[in-house]
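Q: Given these sequences and hints, build the entire structure.
Numbering (my numbering), first residue to last: 1 to 427.
FYI, nobody ran anything at the bench for these hints, they're computed from the structure. Check before you lean on any hint, since a few could be wrong.
[Stated by the list, open to error] SDA-like mimics (lysine to any residue), calculated; alpha carbons at most 25 Å apart, straight line:
no. : residue 1 : residue 2
1   : Lys128    : Ala48
2   : Lys128    : Pro36
3   : Lys128    : Val157
4   : Lys128    : Tyr62
5   : Lys128    : Ser101
6   : Lys128    : Asp172
7   : Lys128    : Gly52
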Amino acid sequence: MVGKRRRLWMKYLYACCLMCLLGIVNSSFANTLVVPTDYTTIQLAIDAAVAGDIVSVEPGTYHESIDFLGKEITVSGSTGLPEDTVLDGSSFSGAVVSFTSGETINSILSGFTVRNGSAFQGAGVLIKNASPILIDCLIKDNQTSGSGGGLFAESGVVTLENVTVSNNNSSDAGGGAYFKFCEGSFTDCIFRNNSATNGGAIYFKDSTGDFLMSNSQLMINTANSDGGCIFNKATNLIIQDCSFSRNMANKGGALFSYAGGNATISNSLFSNNGASMTGGAAEVRSASVVSFVQCTFDANIADIDCDGVGGGAVLEVAGSTVTLNNPTICANLVCDVAGDFSGIQPVIIGEILECVIGIGACCGGDACWEMEESDCLNGGGLWSGDTTLCATVTCEAANSCPADVNGDGEVEVMDIIELITAWGACP
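A: Here is the structure:
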């Protein structure tokens, strides 16, 4: 009996060792498939790849859509710089990049520009029932007739690291990105100049877990209706060390939280956001709970068109609970009159701190003045930062397109909003 048990035990050990050895062998034989050297298209390389492989794509513009096909592989631009390796969707309709077959955190897209996609949802990147990671990517100039101009995700865990989402548009919700039944994290990301009906940059809906956003910048995003930057419905957001600037909407210039759209926002800046009606920086409605911890609200404005319909340059609150913990609040306006809060008053913990106004260099074309940041931005200048001096700053030549007020290279509605925001006597 003892001998039989010993033989069974030895067989078990042998099987375990064999499995470990096979694992080592498999991992050591992970291949790098080079495009276009080994394969003429990226998709052909993906088709040939197996788990653990790397598809390395040399610099160039590739007019193709790619599908990860559920594979745990890395597809990367060989230089790591997204401007060098471009996936361009201008010659076809549908998502440029698809993760729709159960991809995991071992499915990675890195070092690409994803641009010019056109689709109903997720023209740039489409994610359904998958949990990929995007690193060092630029998602730009994509457009949808539905939701999620740059990126659409439904049912999964989405991770973005050092990703820029810019100049995307959605006819419905989430010009930059749309997330439904998801959770995830964004680190060191930029959302710039995206537009939609609701949620100019991002629309969160009915998510299954927390979304963490840290060390990110969200600027110059626009919603025709609510949430110039973020529209949050029934999702728990954790936002740390982020900045929201020059975002515009009808309600909730930077943030619109609705129907259980909860958030904890800490050490973040809300500056120069605007609403044509209510909630210059943020609007919180319908049983939502939002906490701002040591955040700064500077030069936000409500009732931009001064028609008397609107209020709450910092906050508009209705049927919800908002807490401000040691906030810094200054220079926020309703039309041209001071007015920080409207609706239900927020709970103030600690004290309201005054802004420390810094003087720095402000460029206007090739000219330079030293002034406060809010005066610089409201006048259409380019702010160089606190304590900077004109003597040490080189200002660019005058804009060859004078109608491009915000200097983003295009003449569009944001230029008109900039002009309206700065309406009145010059400083």
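Q: Next, verify each hint and record whether it holds.
A: Now the hints, each set against the structure:
1. Between Lys128 and Ala48, the direct Cα distance comes to roughly 23 Å. Compliance with the 25 Å bound is thereby established for this hinted pair.
2. Proposed proximity of Lys128 and Pro36 is contradicted: the alpha carbons are some 28 Å apart, above 25 Å.
3. For a cut-off of 25 Å, the pair hint linking Lys128 to Val157 stands: about 10 Å separates their Cα positions.
4. Restraint check for Lys128 and Tyr62: satisfied, since their Cα atoms lie roughly 24 Å apart, inside the 25 Å limit.
5. Straight-line distance between C-alpha atoms of Lys128 and Ser101 comes to about 8 Å, which keeps the hinted pair within the 25 Å bound.
6. Proposed proximity of Lys128 and Asp172 is supported: the alpha carbons are some 19 Å apart, at most 25 Å.
7. The hinted pair formed by Lys128 and Gly52 meets the criterion: a straight-line CA distance of about 22 Å does not exceed 25 Å.
Violated hint for the displayed structure: number 2, the only one.
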